[in-house]
Every structure is written in structure tokens, then in C-alpha cells.
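Participant: Read off the chains here:
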Amino acid sequence: MFDGSTPRKLVEVHDLKMHFPIMAGILRRRVGEVKAVDGVSFDIFEGETLGLVGESGCGKSTCGRALLRLYEITNGSVVIDGENIADASAEKLRNLRPNMQMVFQDPQASLNPRMTVAAIIGEPLFEHANLSKEETASRVYDLMDAVGLNREFANRYPHEFSGGQRQRIGIARALALKPKFIVCDEPIAALDVSIQAQVVNLLEELQQNLGLTYLFISHDLSMVRHIADRVAVMYLGKIVELAPREALYDKPLHPYTEALLSAVPEPDPALDAQTERVILQGDVPSPSNPPKGCNFSTRCPRVMDICKQIDPEFRQVEDGRYAACHLLNETTNTSAS
Amino acid sequence: MPDGAAPVLDVKDLKTVFKTRSGEVHAVNSVSFDLKPGELLGVVGESGSGKSVTMMSLIGLLPSPPADVRAGQVLFDGQDLLQTDANSLREIRGARIGFIFQDPMTSLNPVFTVGFQLIEPLRAHMNMTKKAARVRAAELLELVGIPDAKQRLNDYPHQFSGGMRQRVMIAIALACDPEVLIADEPTTALDVTIQAQILELVKELRQKLGMAIVWITHDLGVIAGIADRVIVMYGGQIVEHAPVKELFGNPQHPYTRALLKTIPNIRGKRAEKLQVIEGQPPILGAEPASCPFRVRCEFAFDRCARENPARIPVGPEHDAACFWDASKGGPRDV
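Read top to bottom, the protein sequences are chains A and B.
Note that the numbering used here gives residue 343 to position 95 of the first sequence, counting from 1, and the numbers run on in steps of one.
Note that the numbering used here gives residue 127 to position 119 of the second sequence, counting from 1, and the numbers run on in steps of one.
Simulated from the structure, these hints should not be mistaken for lab results.
All residues carry an ideal CB built from backbone N, CA and C; glycine is no exception.
Hints are supplied without guarantee of correctness; some may be wrong.
Quick list of in silico lysine to any residue cross-link-like pairs, SDA-like style, CA-CA up to 25 Å [stated by the list, open to error]:
#, chain 1, residue 1, chain 2, residue 2
1, A, Lys499, B, Pro272
2, B, Lys269, A, Ser510
3, B, Lys281, A, Asn457
4, B, Lys44, A, Pro517
Heads up, incomplete: computed chain B residues facing chain A, CB under 10 Å, no partners named [as the list claims (entries may be wrong)]:
#, residue
5, Pro15
6, Met134
7, Gly171
8, Val200
9, Leu228
10, Ile271
11, Pro272
12, Ile274
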């Protein structure tokens, strides 16, 4: 993927904000807002998988949905394949949709129970592609082959399939219009361990064959390590660290990343004995009332005075590694002077 | 762990069947295990493997119909729980056998304060006065690490975060000093950093209180960190049973081995391609006459289709229900 030549940026996100209003009282006045995504910036290169990890409520799914403009975003720009979709008109957006697709978390809820598999996979073609009946049918069969579904099941309904197979249907539907960019929102979270590997391998295979670019949203840190080229870690609406996979897992720079990685239980007793755990105290603050200064300052084991006053800037700290933490500023400052 | 001590819980040949409109589902098939005092027994398996149903059957928590606990014996302190009447069973449940369920939101009653829900078992099982129960309730909340315990007794479940709610559930389960604690996926609904907090708490409480724990989970990582012994379930039966180090260091059943390989590492070397277990877990319409893992097993041979393997000893305290001997690479001579 990274063979010397600089890969093209397919997705460029700048200062994306997604705030949801909180209404209260008889007059439904706006009394505050939930800052689900509060100023994130990142790029995704063509053909790569960017992993987006974080705990529940950190805004990772909202970020993924805002990226495809499934919400009217509050602020910022999202450029996908050269087009800014943040302020595109409805008509223009509709023309851009085939390029960007989504695979949803719950394969049960995201498939219409009254439609057959063929109708589900064929629907995007019917909406966007202007094909004849025969052409649509043959494309649906091709897609079913590509995701490993038996063609004979084309006229069955979603409830007749297992969770893993349903997720394959969702993937086939996302692929129907030959998109360049797919947001995978927790695509394996609802599946059993032995089925997860099947779906992840399928996603990887499709990426290689079709040159797809993924944003892979997940809370499963070990699966993200497997599938992603670069990883972004979110905490309370902000990206706290973004780095290439190996660098991030080998030597996390942000204290939150460190704590998050160390909290993952280790199935290998030999490695488990070597692992030093950082146990965080307390819970994630509410995104409607984030703390002053750094969002992580309330739980950070290495909190300093400055953290409670000033929100650290998200900036490049090493080649290709970005983080938002005052600790890193301090070390770079002292080493420079 | 004291070896050779009489088990607090001894389950023999448990069979549970659900009767549905489309026929019977044999969810638990001849499951036998024991639980020694003070030990933590891990139960792993995928959804539908029968791990929760096993635990629910043994203390009579399954509604009948549709559930039918068909055979077996569950010895708790010399008494067969399957033969015990509902009233005596109720006295044991919650008092001598405690429970923690998966989802802390749905297992706490939203219209009562946390204090009320903590005091209820104390009054019912321990005959405490209201005042004494309240003092004990505050102690319990403190024990599970909830700050400001006395104040928080007046709060409702929705005023607690997910991790705190699970702490409340643990406090309720511990209220009457149970000899056995059954925890059904207690950390599955929680985030990793909160899960790490709860795991630390359980380790600490075990040292303080010394009860025996059955910990049900699908997460092998969690089991590796806290269990003494592990049983692996597949298709309603136990396929492997071993001390925790032995299970992860020297797994014998092809299912256990495959399961360990399908999980990507978070530390150590990263595999280029994930190993896959092809196919689906079985739905058991009848009592299996052959090995339930056979269709997904890379080592399956003709005998696996003819017989359902019994649990064969493969090492000290280690057994696997498999005809294939992985160490010699051929069928076992049994």
C-alpha cells in the first residue's frame, strides 16, 4: 500500500463538529448541547483502513455517520474524493452517495425483514444505476458470490440467515454501487467470536480485490490492530491520538491510549504476567458538560495543573503520529531547549 | 486452593430441553462439573452453547414450560437442588447462592432506590431490622467501591453509570454472604476500562470474602486473568475442562484450539491472516448422537460421526471430549 509513492488522500476531515441540542421546558427551548463530536481532523488515504476506536459514548459512531452526512453537521468540512460533502445540496449529495457506503452494526436491524436478499442487495442498483432487470439480477448474483453467499438463497428473507450471513448481506448491499469509501460501524460487534474472523477476512479480501478504503469503527482493540493500517483513538468527542498501527500498539503516547490498551484482557497467560495494568479511576464525563481543559484530565493518572486549564492542541508529535496531550508538549519543549 | 476439599456444588449429568412449537431444543446435554470452595470456575462458550442455561437450570430460574430439566443431580451442601421444592429453593437463592447478571440496567428495578433493592434481600433472608439492614447496605456499597455510600442509597439505578450499576449488582449478590456466586457475563456490557475496574474488584473481594465463583463469559481474555479452572462449552456440552494455565498453554480440543487462534493478539506478534472456524454452531433438535463440532472440525474422521465422544482424561485435572489425540496426531485409543 505504501510503496514509496505518496498515496492520495481520499477523505479529508477538518474540524468536524456534531453537536446535538438538548431541549427542555414547555417551549422546548435549547438549554444546552451534547458535544458528541467536538472538532476532529484526520485524513484517510486511498486503499487504507483507518481504525477508529474508543469506549461507548465517545462519539465514534456519530463521527462515522457525520462523515457520510447522515446528520446535518454543526461545523467543519468533510472532503471525500475531492468533493466537500459538508455543504453539498441534497441533489448533489444524492449523486455522490454511490461513492460512499456504510456497513451497520446490527445486521438484524439494518435489513428490512419484508424484503428478500435479492431485493435488499438490488435496491441501491434500482435507485442509482438504471439497469435492466436482467442486468440487476446478474449483478446481484455477482455480489452474492463476492461475499460468499449461496446464489440459491437470493429469494430468502433475512430471518432465515445467521448473524454472520446477515452481515454478508449488508456488505453486499454496501458494495452494490462500487463505492470507493466504506464506513464500517462496528460490523462485527454483534457476532460470535468464531464468526467475527470470517467477516473480517471477507472485508480484507474485498479491500484487496476492489481497492476499497475503510473507516473501521470498533471498540475491539485487538481486532482493530489486525485490520487497520492506522488507528485513531477517540475520547469524549475528540481524537486524542492518531498513529500507524504498529507504533500505536507498541508505544502509545497518550495516557488514555496507554490505559485503554492495558485494560484489554490477555488470553495468553505468559503475556498476561508481563502486562502492567493501568486501572483508570472513575467514569467518562458527560459530553453535554465536558470538563474544563483536557477532556481526559478527570481520569488521567498523570494529570498536571495545566491540563485542568488549557485544552491541549491535537498536533503532530512525531513523523506520522498525532496526539493531544500536554505531557508530550513538555517533553518536546525540554528536549528542544 | 485447598485440593481434595469437598465441592460446594456438584453437578452431574444435567440435561435441559426447551419445548418449542417447532420441536425440542436440547440446550444442555449431560453436563457435569464441580465447584470447590473458594475457587473461581470459568465457563466459556459462544452464544447458544448452553452456558447460561446450565447455570439457570441448576437453581431453578428457568420458566417451565418451555424449559424442562430432564435429568441430573445438583448437589449443594448435600442437598439435591433439582429435587428441592420452590420455597426452600427460594431460601437458598439470593442467600447462599448469589447472582450477577449481564445487563446491569435491566436487572435492577428502575422504580426503586438502590438502597431499597439492597435492603430487600437482607430483610428477607437475614431477618435484619430496617435500621441494621440500612447500615449493612451502606457497608456493602462501600465494599464494592462506591464513594459516598450512605448518600447513594437514596439514588435510583438511572443515576448510576454502567460500571457503578454493575458494582451495585455485585453488592446485592454479596448481601447475604453467599457460599457460591454465579456471575453471568458480568462485564460484557461494560467498556474495557470499566471492565478492568470490575475485574480488579472481584479479585480483591475474593481475597476478602473467599466465596466460590462461577464466571460465565465468551471472552477468553477475561477468563485467563481471573479463573482457576475453566470449562469450555460447545453445542450444549462440555468439550474441555482444565486448570487455566493448562487450558491456554496446552489446549486439547480442536474447538478450544481454533477459538484461541481466531482471536487477534493485542500484544506480541500480529498474525497476517486470521484463522477461521468455518460454518455455524449447531442447533440441537435432538440429543446429539455424534460430536457436535464434527462438521466444523479439521480433524474429524469416521468415528466422530458415529459416536458422541465422552470426556476423556488427557492430563492432571484435564479432560477433553474428542477422539483425536492432538499430541500424537492420530485417533485416540479409547
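Participant: Which numbered conditions among the earlier hints are violated in the structure presented, ordered from lowest to highest?
Facilitator: Of the numbered hints given earlier, those the structure breaks are 5, 6, listed in rising order.
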